[in-house]
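**Student:** Sequence:
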Amino acid sequence: MTDHPVRTFAKFTFFKLDPAWQRRDPEARAEDKREFLAACDDFATDRSLRAYSTVGTRGDTDLLILSQSPVLDDIHTFHVVLAQSGLAKWATIPHSYLAMTKRSPYSDSQARPEICTSERRYCFVYPLDKQREWYGLSLEERRRVMSGHIEIGRRYPEITLNTAYSFGIDDQEFVVSFECDEPGQFLDLVQELRGSESSAFTARDTPIFTCVAMSVGRALDALDGAATSRPALA
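Here the working numbering is used: position 97 in the sequence shown is 97, and no number is missing along the way.
Hints were generated in silico from the structure; no laboratory data involved.
Check the hints yourself; a few may be wrong.
Here are the computed lysine to any residue pairs in the SDA-like style, where the Cα-Cα straight-line distance is at most 20 Å [what the hints assert, rightly or not]:
no. : residue 1 : residue 2
1   : 89        : 24
2   : 16        : 215
3   : 102       : 71
Quick caveat: nothing in here was measured; it's all calculated off a predicted structure.
Assemble the whole structure, with the sequences as input and the hints as a guide.
**Tutor:** Here it is, written out as structure tokens:
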């Protein structure tokens, strides 16, 4: 199936800070964060950027920046500028996923121009690969199998599913993200999906990241505990 509407690149970049950064003096840390924030603000002027904290939810990452643009060079340039910030010089990128929006072959819905646009509190992200046997099935059979998967998802209307496609542009086939306000609902959904017919064709669905949505500024402050009382999206 080929679709022609403008599609958007989505780049999930996970950062891990060197613990030594927290031992820098407060003024130096503040300047490092200002440089990082300035790069994010500049990109977000006319493109989509979301920030999430993974402090306390994963040991190997602290921060997720999700940047989106119809133009891949925008994503490239943004990360070049971001890497020049003081904060990025103290960070590694242990996980990174590139994907695109695309209309699903299993749904009549049009592709959304962007993903992760809700104001829900949490976002759960993971790469996904299907077994090769899955692609040996006819499209009609795959649609039949996926109909059961979709029906389970409809029983959780409080959860928004975002599927982005990575075939040929990154190692994984999909990047899946779920937005919700109650983590327990997502846990129940995933547990129920384990029993679905489609789950038997999953080759990989880890690592999984539990991310707390917040402004870029607050996500940066969470790195050194500078302003944890600030409202989540302020």
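**Student:** Confirm or reject each hint.
**Tutor:** Hints and how they fare:
1. 89 with 24: Holds - the C-alpha atoms of residue 24 and residue 89 are around 13 Å apart, at most 20 Å.
2. 16 with 215: holds, 18 Å
3. 102 with 71: holds, 15 Å
The structure agrees with every numbered hint stated previously.
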